[in-house]
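Sequences listed follow chains A, B, C and D, in order.
The first sequence begins at 1 in our numbering and counts up by one.
The second sequence begins at 1 in our numbering and counts up by one.
The third sequence begins at 1 in our numbering and counts up by one.
The fourth sequence begins at 1 in our numbering and counts up by one.
I should point out that these hints are in silico values taken from the structure, not numbers from a laboratory.
Possibly wrong hints are sitting among the right ones.
Which copy is meant is left open, so a pair is good if it fits within one copy or across any two.
What the hints assert, rightly or not - Below, computed lysine-lysine pairings styled on DSS-like, alpha-carbon distance capped at 30 angstroms: (1) K48 <-> K307; (2) K307 <-> K327; (3) K66 <-> K278; (4) K327 <-> K262.
Here is how the chains run, residue by residue.
There are 4 protein chains.
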Amino acid sequence: MIVIMQPGADLAQTESVIQRVRDAGLSVHRSEGVMRTIIGVIGDDSTKEQLRSMLEAMDGVERVVKVLQPFKLVSREYLQENTVVDVGNARFGGPEVVMIAGPCSVESRDQTLTVARAVKAAGATVLRGGAFKPRTSPYSFQGLEEEGLRILADARAETGLPVVTEAMDSRSLELVLRYCNMVQIGARNMQNYTLLREAGRAGAPVLLKRGPSATLEEFLLAAEYVASEGNGKIVLCERGLRAFDGYTRFTLDISAVPVLKKLTHLPVIVDPSHAAGKRDYVAPLARAAVAAGADGLIVEVHNEPEKALSDGPQQLREAEFGELMRKVATIATAIGRTVPAVSRV
Amino acid sequence: MIVIMQPGADLAQTESVIQRVRDAGLSVHRSEGVMRTIIGVIGDDSTKEQLRSMLEAMDGVERVVKVLQPFKLVSREYLQENTVVDVGNARFGGPEVVMIAGPCSVESRDQTLTVARAVKAAGATVLRGGAFKPRTSPYSFQGLEEEGLRILADARAETGLPVVTEAMDSRSLELVLRYCNMVQIGARNMQNYTLLREAGRAGAPVLLKRGPSATLEEFLLAAEYVASEGNGKIVLCERGLRAFDGYTRFTLDISAVPVLKKLTHLPVIVDPSHAAGKRDYVAPLARAAVAAGADGLIVEVHNEPEKALSDGPQQLREAEFGELMRKVATIATAIGRTVPAVSRV
Amino acid sequence: MIVIMQPGADLAQTESVIQRVRDAGLSVHRSEGVMRTIIGVIGDDSTKEQLRSMLEAMDGVERVVKVLQPFKLVSREYLQENTVVDVGNARFGGPEVVMIAGPCSVESRDQTLTVARAVKAAGATVLRGGAFKPRTSPYSFQGLEEEGLRILADARAETGLPVVTEAMDSRSLELVLRYCNMVQIGARNMQNYTLLREAGRAGAPVLLKRGPSATLEEFLLAAEYVASEGNGKIVLCERGLRAFDGYTRFTLDISAVPVLKKLTHLPVIVDPSHAAGKRDYVAPLARAAVAAGADGLIVEVHNEPEKALSDGPQQLREAEFGELMRKVATIATAIGRTVPAVSRV
Amino acid sequence: MIVIMQPGADLAQTESVIQRVRDAGLSVHRSEGVMRTIIGVIGDDSTKEQLRSMLEAMDGVERVVKVLQPFKLVSREYLQENTVVDVGNARFGGPEVVMIAGPCSVESRDQTLTVARAVKAAGATVLRGGAFKPRTSPYSFQGLEEEGLRILADARAETGLPVVTEAMDSRSLELVLRYCNMVQIGARNMQNYTLLREAGRAGAPVLLKRGPSATLEEFLLAAEYVASEGNGKIVLCERGLRAFDGYTRFTLDISAVPVLKKLTHLPVIVDPSHAAGKRDYVAPLARAAVAAGADGLIVEVHNEPEKALSDGPQQLREAEFGELMRKVATIATAIGRTVPAVSRV
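Turn these sequences into a full structure, and let the hints guide you.
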């Protein structure tokens, strides 16, 4: 059970509610958001039920919600309507299918600006590009770091596209927030709870990727770490499960899309590039994701994939991305959604 | 390397080719099809290459094909164009998206005929229904057996829909072939090589389901067992991998669709019902499958799912199936394909 | 709930029990074993409970057992004490750790007899060797079939070792039973229910291998198919799960050993050869299996593994097998068990 | 290829080597360890081979090693002999099987001291206990943090056992290093590269747990992140893969033990408690791990598991742990190893 305080509730009101809960022998989890305070009530179910109407009548209380799922703030039980997360002009969770595109890694100013212009022209509304790269080997290219962020900021200045990029720890998070619009927490860090909490406290939109063997419950509890710090601007991203078959890099769990849409009010997007691992399969997976109800896609595009410093085989060429956008737009239209820039064409 | 004999090649011609191969120190795998004989040449690659033009010049030889994949007859290297498998009026592998629908199990004449009429009206072009049911527990309902086949034949007589049903062994295969148009080999029997060979020799169209942890190579080699007996009328069906997350029954491997379409010339369909295991997720998975390029779907429909003797939770109600057909038809149109009956409406 | 009839119960007594159950509105699953009849009572739990003492009082009834697990006859609830399965002098499920060894495939009389003598000398008490080989590719060596069985019978005649070999269908089952002591049902056929029932009716000891993605419940229900036909002489074999890492061929599920020993009264053995897929890892896995409580091992041994027609890399050389036997015997002794022939040395 | 500088090599010598490599058109990865500098040479293989003898002849160079594996410093190719990691009196990687034991979480001084005394008495040589707990839900007990570390330090003071505990980020790492002997990096943080690098720079012994779907290559590359910062005191820990079967919490990958022992010179231990998730299966898995060649075990023990704040069902009672120690010691003896304290008894 969760007590949602009104936006203007004062400290005394919040404390009274907490006291009442404790008097009933129950414990409390308190989340201080930027906008409002949320009080989780933990303990015996029948006691909670008795307490409910009492709490609803108290000053400063907006609503009391019963949540059976282990994830609370991110569950559909807590919020029936879809959450919309705004990043620049892109609206995740609304009728539009949002397209994030850009290179795997920021490698140079030229490369990044070239790709940024191309994906903008093709209809993408958010730019991606890695400046801090979590690489399996310490000997692989680890990203341009702050220099990469500066290049991304320049690409934003020129194209007007908001930017999402990955942070791996406190230091890179702070830098990412200084230069970019949205921070990505990658699959490898899905259960890095310190980073999740910091992203929660930072308040900026978070793109949270699912770990390759995470259950959907674990995934939503990771999102709950962000939300419990008062930041509800979370976009979930399915990017494939550990595969036993070498034909694709990961096994895209397409059913995660409708299941997540049922369990949570948060937007859900899909990364067909990492799932496929091979250029040829990106478009069919992208189409499938939109058909299954995804709120957006994140796709890797490179001007010269054969020279890419990371993940070359899965990055689309610029023309291939244009073609992908047209295909995705057709599917979006078929299910009553739109891909903004493309539809305008 | 495979030597494809002409349809009218006589025994002596075939024997000469085999002798020539053996004289070169290589071994032979001989497949006697109904239409023609195929001779697999096994052994050292450079010797094969030298032999090639010699074999192509021999009487009765139509073509010599180099196939690097372990699966030969079913590979794209062997045949570039898509194979089309005809079952009644349904054409698997052509521009149309074929819809197979019907109850999980044939439970009674009334139930089967009711559902058959409903799926026909909604636009399905093949009827499914289990008469021999491979059940995890020996104490679960095992199907009506021959009585079930008779009911299916009656449903075909009334609706005109061709019928596909599962066979589990020699005896049931023989019966299925007597009453139905297409035989299904289920996921549990994907590596029942005796059954695969018998289905190959029988010559009727085969619907082959992928085992829940089979690699695509194992799947295609299972199809190769059928093909190597001279029966190329095979439709492959992806139906989900063993899942570690309880939200769906299996994890639909959506990328199997484009990967299989690349590796093989055989038609590829998807079973969203078994993958989902829950009614609510069947439609999104069906849409995703068609968007990913599937040549068809097999969907479970029941007039009273809550009373079904097997798999109740995943069977659609008749109205839900109609709705699914409309959604699928829209996606099919979006990618330049059609769903026949629905398009006509 | 299960009603176990006395060994000497006559038909009329059995029919009376069934009638009584049906009169109470419950259904019946009847298993006619060679020794006795077992009647499964299916339906509402409270009704069952009321019926219980009534049934226990009826003529010909030995015992009424409540079994909560979906697998009944093979569950620990049904039988507390370990079942011992005798095959020649080998006793699966007793204090001895039984060692089955021999080549992957029977390739020739010489090879088989050479290996049989070597494994006998090293302390194996059962000989293995494949005559019918279920191979992933139709173009791989498929076994010597009946000729292979004759060779195995000769090896038995010479060494005195009982023989286990795989059957894949009705025809091969019949042949295997004619020549060998125990029939193996392989991982690919774990859910070939027709074959399981036939093996159940045949009555000979069955070595049942777990499928590479089968849950333990599915595995035990496969055993239940055999048991429900009246054949309780079943030895379960864990041989590895589908792996995502290429270092071993499968991932040996070592915890399956203690879990199965808790869930079932049947003997449980381990196949380290197929799990490892590489010679070097067979011994550590064999030791681990015995330490975890396995009742035996099945190990592949070849006189010239580099020339083997199947699975060469995982077959031990004769000397390596002798070394393995000594290591395994030490572990067996450490946990209070014995490896018969080795201990005698 | 890796150039290992002598312990006393000066900066100028190192720079000369690097210059020579760059002159040959190859790139360099430089690792400054506490003891010595290691220079990775990256680029074309034939050029490397030509350069080799030249580099070996240069001043300050100890050795040039060719390493084919993607993990370099931790590979067997780099070091043939086993690395021994000393933590207090415990020696990981030597002939002794090291036993780490203690509660899942440090919950109170009493609980921790009680358990510490018990595990010491039973023969454990390292104490474990969580002060910073990475929990799937933000609403679960998150550990006593620094207060927990103080309790662990007290337990060490009283029992003389060195202590290992988990760090989750920079801040907790710094605290852990202040109070404890060895830092654990948990499965969820196996690819938290910032944390791995910091643990590498810190220089204290690291217990690195494998992620539940990490390949062994990814696992060893995670260790390489630590090693490449100059810290070779790494103990690897296998603790189970993501399971699809609910009988155990994870699937212990027992073959990881011999495979890792072949690929790396680092010590390898096993965590049977997290793998099993249930008390009953801890002992069989512990025995299996030692039989498979593990260099140690880490086992959870609680004085009142039914009241534990985390992972109660898998924690052994004190008497059960004593029993486990005796069983493990027997297996260790059987394979020619010892469990120190127990053997002395």
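Structure versus earlier hints, numbers of those that do not hold, lowest first: Going through the list in order, the structure violates no hint and respects every one.
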